[in-house]
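> What follows is each chain in one-letter form.
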Amino acid sequence: MTIAQFLVLSAALFSIGIYGVLVRRNAVLVLLSVELMLAAVNINFVAFGRYFADATAGGQMFALFIITVAAAEVGIGLAIVLLIFRNRASANIDELDVLKW
Amino acid sequence: MFDYHALAPDFIVAGTVLAVLGADLFLPAGRKWLSAVVGILGLTLALIPIATLAAGDEGVRAMLDGSYVIDDFALVLKVFFILTGYIVLLMSVAYIEEDRYYQGEYYFLLLASLLGGMVMASSRDLVTLFVGLELVSGPAFLLAGWRKADSRSNEAALKFFVIGVLSAAILVYGMSLVYGMTGSLTFEGIRAASASVAEEPVFVLGILLVLVGFGFKISAVPFHFWAPDTYEGAPTPVTAYLSVGSKAAGFVGVLLVTYVAFGGAPDIWGPTLWILAALSMVVGNLIALRQENIVRLLAYSSIAHAGFMLVPFAAAGLVEGASLNQAFEATVSYVLIYGIMNLGAFAVVIAAARRTGSGQIRDWAGLGSYAPGISILLTLFLFSLAGIPPLAGWYAKFVMFLAVLQDANGWTIVLAAIAAVNAVIALYYYARVVQSVWMDAPPEHINPEPEPTGVSPSLGLAFGMLAVAVVVVGVFPELIAQFAKAASLIAGG
Amino acid sequence: MDLSIAQNWFFIIIALAMVMASLIVVTTRNVMHAALMLVGALAGSAALFVLLGAEFVAGVIVLVYIGAIIVLFLFGVMITRVEIGRSQSLDHERKWPAAVIAIGTFAVLAGSSVAFFGDEEIEGVAAVRTSDIGTAIFERFVVPFEVVSFVLLAALIGGIVLARRDDPES
Amino acid sequence: MVTAALLGPAVLAAIDGAVERSDGGVLAAGAWLIVLVPFVAALAITLFGKRLPRHGAELAVAAVGFVALYGTALLLTTLFGDGIVHEGAVKIGEFGGFEIEWAWVVDGLSIMMFFVVGVVSTACFVYAVGYLEGDVRPTAFFASFTLFAGAMLMLVSAANLIQLLIGWELVGVSSYLLIGHYWEQKENSSAGMKAFLVNKIADIGLMIGIIIAGITVGSFTISKIMEKVVESDAALDDVAVIIAVLLFIGAMGKSAQFPFHVWLPDAMAGPTPVSALMHAATMVTAGVYLVARMFPLFEEMAHEALDVALVIGAITLVIAGLLAIVQDDIKRVLAYSTLSQLGYMVAALGAGAYTAGLFHLFTHAFFKSLLFLGAGSVIHAVHSNNMSDMGGLRKDMPRTFWTFMIGSAALAGLPIFSGFFSKDEILAAFREGDHTIVFLLGVATAFITALYMTRAISLTFFGRYKGDGHPHESPSIMVYPMIGLAGAAATAGFINIPGLTDWFYKLVTTRLVPAELLGEHATSFDWTALGLGVLAGVAGIALGYRLYYPDAATQQERDRLYIPGLWPVLENKYYIDDLYMNGIVNPIKGPVARFINWTNSYIIDFVVNVVGFATRSLGWVVYSGIDQRGIDLAINEAGAATGFAGSKLRYIQTGKVQQYAAALFGGAIVLVIGFWISVT
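Sequences listed follow chains A, B, C and D, in order.
Quick note on the working numbering: the first sequence kicks off at 1 and runs consecutively.
Quick note on the working numbering: the second sequence kicks off at 1 and runs consecutively.
Quick note on the working numbering: the third sequence kicks off at 1 and runs consecutively.
Quick note on the working numbering: the fourth sequence kicks off at 1 and runs consecutively.
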């Protein structure tokens with residue numbers, strides 16, 4: 001296995017995630033897309049960790065922390081989405097443009 | 001392996017975070033504000049080990065493979081975060097009590113976010129830096145939406161959150177590339193390994209993505225868009241915290257990664273930050289000219305200030321043989337002084353908005369005629385932000401110009417010129433508010449009679465202390481300069 | 001890429017599946033499908049981690065993501081009453097700018113990586129043992145570990161406060 | 001390191017840290033009081049002023065009175081003693097190897113300024129007590145006024161450029177507060193804003209100049225920079241021109257030199273004592289002071305910058321002089337006149353005449369503040385700024401009239417009055433330096449000066465009263481300061497008569513730098529310059545008298561072509577009218593009378609009218625064509641353009657979070673691609 005093949009795959013996932021973030025209207029779907037981007041980062045870290053044969057398991061550790069942080073972010077994000085849904089009966093983020101200019 | 005003395009400040013603040021949460025369980029509904037007192041006591045306690053560490057003069061205390069460090073930089077910034085926490089707690093008490101929204105949890109989140117900043121100040125590897133940054137951001141996302149019934153606050157939180165997680169994803173992607181190129185997570189290791197790969201596009205890409213991630217946090221143009229909307233919608237004490245504490249955390253990150261981790265590749269971050277500095281100053285100031293809401297105006301002004309703070313980086317990165325310490329010192333001085341004056345501005349904005357019942361500048365016309373005390377303080381803080389001597393802000397601008405002109409070349413002179421023009425533009429919109437406050441007639445719907453509910457004591461204490469600090473630091477900048485100088489010792493390895 | 005090695009075939013299959021699944025996540029008109037396809041993509045990454053000898057991370061992915069986060073998402077979908085089934089209005093009208101940005105990002109990231117790393121192989125080093133990871137967490141990475149617990153605690157408490165319905169009188 | 005930081009404040013608090021660079025006795029060592037007392041007074045007025053019987057005015061007067069006495073004591077000590085040169089400092093900060101300190105310099109130059117600021121301030125403050133009787137917010141006024149005095153004194157006492165800059169900026173802030181004092185009228189607060197902004201633009205130039213100077217020399221202390229000048233330091237020599245030009249840009253802002261002059265006339269919106277003190281006597285001289293303070297740098301290393309100063313000063317003196325002819329607002333006449341006189345000072349320094357420039361600063365401070373106070377007295381009486389509402393006040397306000405006459409005589413440079421000596425020294429310096437064109441412009445402006453002052457006096461004090469009500473002489477508290485200043489305006493010139501007295505020269509060259517670096521000093525009259533100057537003044541008075549003396553009710557009538565006449569015999573207004581009506585058609589006065597009359601009507605009248613018309617038209621052209629349309633427009637347009645850019649730029653903030661996200665990625669990609677291109 002070459003390192004490059006993992007990097008290309010992660011670049012693909014990351015870019016697909018970006019696309020999702022930009023086109024999805026529903027906040028939950030935007031969050032799903034962000035998860036894709038973070039999954040791409042995890043692949044990078046684990047692959048590099050293996051590539052360097054990192055004695056402290058740095059790559060894997062970073063991936064674990066990202067997974068944990070992502071879990072926290074999903075919790076925060078869904079709480080905010082719920083809050084907005086309760087006030088506006090919609091989870092579409094492009095309808096939020098009271099604050100501008 | 002553990003230096004418990006060195007970890008004591010962080011432990012105490014962490015304990016305080018939990019104590020606030022615990023206290024909230026037992027406090028009766030009418031006494032929830034006592035949890036703020038618990039927080040203040042805890043923060044005060046945390047200053048004690050910091051003082052003993054500072055007095056110890058044992059040099060750098062490093063732990064965990066050098067990934068967690070107590071040095072002068074860490075101590076100075078920890079004190080800064082603790083004092084920021086103090087002020088924001090004082091500002092929040094009356095504000096949050098009025099809303100009666102989960103005070104205990106509010107203080108818990110605020111202190112947790114501060115703890116993140118303190119961790120970042122000590123972190124010397126990518127993992128700790130990233131996790132610390134997330135601890136700064138996560139609670140902040142929630143705090144921005146704390147006024148649950150207010151749809152503007154909801155919107156502020158969601159925008160902040162979406163852009164925040166995106167930029168976090170970009171940041172860690174960048175970090176993964178840096179790790180991939182250097183095989184190290186500690187700044188020391190990255191710095192050592194970066195010499196051989198400094199020219200490689202993947203490494204450049206990694207650095208750029210890391211800077212983009214922090215660019216969000218410091219709200220540099222073009223990563224600033226969330227800031228005005230979030231600042232306007234969030235509860236004002238939270239906005240004050242975001243514009244000072246959270247931004248300072250971002251600058252801690254930028255300072256550490258550029259000077260320490262990527263210290264061997266200044267020709268990459270130098271030009272990047274040159275561009276971000278120029279764009280932030282110009283765009284922030286020009287849009288601020290047209291703002292009618294005071295908080296939005298301060299939001300754009302804080303974007304412009306981020307630009308000013310980035311100016312010394314450009315000098316350090318673009319000039320051969322420039323003094324890194326001095327550029328570092330200039331940015332740290334600016335961050336510290338900006339913290340004082342911007343917190344002060346927000347404290348006064350809270351008081352003035354309560355008095356006038358509005359955040360629109362036109363409704364503040366004639367404030368000076370019926371609330372002169374608030375108006376004098378507002379004038380003081382705005383003039384300080386504008387950089388008028390002998391208020392603290394002048395020294396910040398002065399060292400910024402000094403740093404960028406000291407080792408000058410064509411690029412830094414152009415940047416200095418841009419900064420100079422922007423300093424004039426900035427004066428205009430600050431002076432416009434002052435002019436309106438003192439020299440326009442009050443609108444008819446304002447009741448100029450003195451109100452029974454004046455400024456709350458805690459808020460008064462907050463801006464009283466800050467006002468004294470703005471004047472004293474302006475007259476004796478040595479007070480700040482010493483700390484900034486001490487902190488700058490880590491620059492340039 | 002040397003196609004005579006079985007691992008590479010595994011990689012190709014998993015990678016193609018992941019890309020397909022992710023594309024469905026960002027394009028499908030059915031919200032449920034999107035969430036389930038994310039499960040697929042993450043499962044693929046877990047499989048890759050096994051391939052890379054990172055079994056512990058793979059296990060965490062399965063437990064945390066597939067076991068917990070996706071359930072959270074499904075709750076989110078249901079509570080916010082996004083139409084389950086096909087929906088016309090999940091996307092914006094203008095997708096081209098987003099597509100251009102995404103393709104540009106891919107080109108830059110993938111291109112620079114390939115240009116630098118070329119055919120460099122990942123050496124077959126013994127997999128990191130889970131006990132090593134445990135040691136690392138509680139020694140070298142103990143500070144971030146503690147900090148991340150605060151992140152989770154804050155997310156938990158704050159999330160509850162924001163998400164709960166307040167009593168009308170307070 | 002942090003320990004040191006924690007201990008720092010304790011060390012700072014002790015004044016033991018003060019450094020003295022040379023001795024000058026107890027009086028000099030305590031000179032920091034001059035700066036401190038006004039600031040303390042300003043603070044006290046802000047805090048307690050409202051509770052005092054005179055709303056804080058008593059504190060303000062006491063503070064500046066103290067400064068005046070201290071300044072006088074220092075002046076006398078220097079004039080009759082060995083001369084004081086003293087520098088004291090308290091270190092307050094350090095950045096990158098630069099010591100930042102509060103330091104005060106007591107030498108001839110700063111003593112001269114202490115004296116001027118102290119004396120003129122005292123006069124203006126006492127006057128203001130009467131002028132502001134019944135004002136809406138006297139406490140705010142006296143607080144800012146005292147703050148201004150402190151700031152100006154900090155500026156002139158600064159031993160280093162940082163402190164100078166701080167005083168400089170504070171002067172701008174207090175000016176802004178005072179110009180906008182009557183903010184109920186919108187244009188007043190806008191005028192304050194305009195002054196603030198125009199100054200700030202120039203101040204940025206000053207700040208950068210100071211920073212470059214500090215970086216090059218390694219210190220911001222002026223005497224250290226001067227040491228390098230004396231040593232002909234090569235590094236400083238390389239950038240001296242840039243530094244000097246940037247410093248001069250700052251000076252142009254504060255001293256309202258073309259094209260930064262636009263703020264000064266608008267600043268007349270402030271109360272008249274403010275105009276007298278700040279916009280005539282002190283604040284506007286800060287630029288001249290700065291150039292004088294740094295003069296050896298300009299003279300030895302940056303002669304190009306002096307040439308710039310000469311040209312800018314010359315342009316200002318003519319343009320502003322012409323503008324003064326066509327104003328109806330009496331304060332604006334004086335404002336443009338101030339600009340013109342500042343032009344003289346700057347041009348004098350530009351020609352290398354250090355002493356002459358400062359001497360004019362000195363005399364001008366007295367006579368111009370006197371004129372402003374007189375104008376204020378008149379305005380106070382008739383409740384209008386417009387000369388078309390005045391006239392005939394000579395009888396109603398005799399003391400104002402006579403003091404105003406003395407001030408005008410000094411301004412016009414009539415012999416023995418103070419302006420005569422200073423202006424002629426400047427004209428002589430122009431000739432000495434072979435600046436023939438500037439010399440001729442200076443003479444022409446002397447003519448113009450006399451013309452507009454005669455016009456102002458005629459319209460205000462002669463003819464018949466055209467305003468409402470019955471004007472009365474101002475109260476004594478306003479008149480006595482004017483009388484005091486009139487005494488100074490009449491006699492201040494005697495301290496520097498070429499060949500007789502050289503006290504002033506001695507005073508301003510008592511500095512740490514050797515006197516050779518401070519320009520030449522005339523030891524005898526230059527009779528040509530003197531003659532031409534006086535001639536021009538007399539001619540200006542004569543023409544003004546001829547054109548304006550027969551006061552008329554309306555602007556249209558005033559600008560009509562009158563019956564010719566240059567001599568005092570045509571004093572009687574009706575006689576002139578008579579001559580005009582009947583001169584040609586009624587030759588009853590005999591052939592001689594007819595001949596004189598004919599000559600008078602056709603030749604002299606023609607010449608007089610052409611000259612008068614040409615000057616006046618030129619004034620209008622400059623005023624409406626260049627000043628109001630060109631420069632004002634440019635400044636307003638620049639403001640509008642930035643505002644416009646701001647108003648359009650804000651629409652990028654659409655409120656849609658995904659567009660923000662796209663910008664974030666877009667920005668990142670642009671950065672990356674930019675690098676890609678530059679790396680490969």
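Everything labelled a hint here was simulated from the structure, so no lab data went into it.
For each residue, glycine too, the CB sits at the ideal point set by N, CA and C.
Errors might be hidden in some of the hints.
[To be verified] Result set (DSS-like, lysine-lysine): computed pairs, CA atoms no more than 27 angstroms apart in a straight line: (1) Lys395(D) with Lys100(A); (2) Lys95(C) with Lys100(A); (3) Lys95(C) with Lys648(D).
[As the list claims (entries may be wrong)] To be clear about the criterion: a stretch of chain C counts as covered by chain A if any three or more of its residues have a C-beta under 8 angstroms from a C-beta of chain A, and this derived list gives those stretches: (4) 30-36; (5) 40-52; (6) 102-115.
> It remains to establish, for every hint, whether it holds in the given structure.
Structure-based check of each hint:
1. Lys395(D) with Lys100(A): Answer violated: lysine 395(D) to lysine 100(A) is near 66 angstroms, above 27 angstroms.
2. Lys95(C) with Lys100(A): 23 angstroms, holds
3. Lys95(C) with Lys648(D): 26 angstroms, holds
4. 30-36: holds (count 3)
5. 40-52: holds (count 7)
6. 102-115: Answer holds; 8 residues pass the 8 angstroms Cβ test.
In summary, the one numbered hint that this structure violates is 1.
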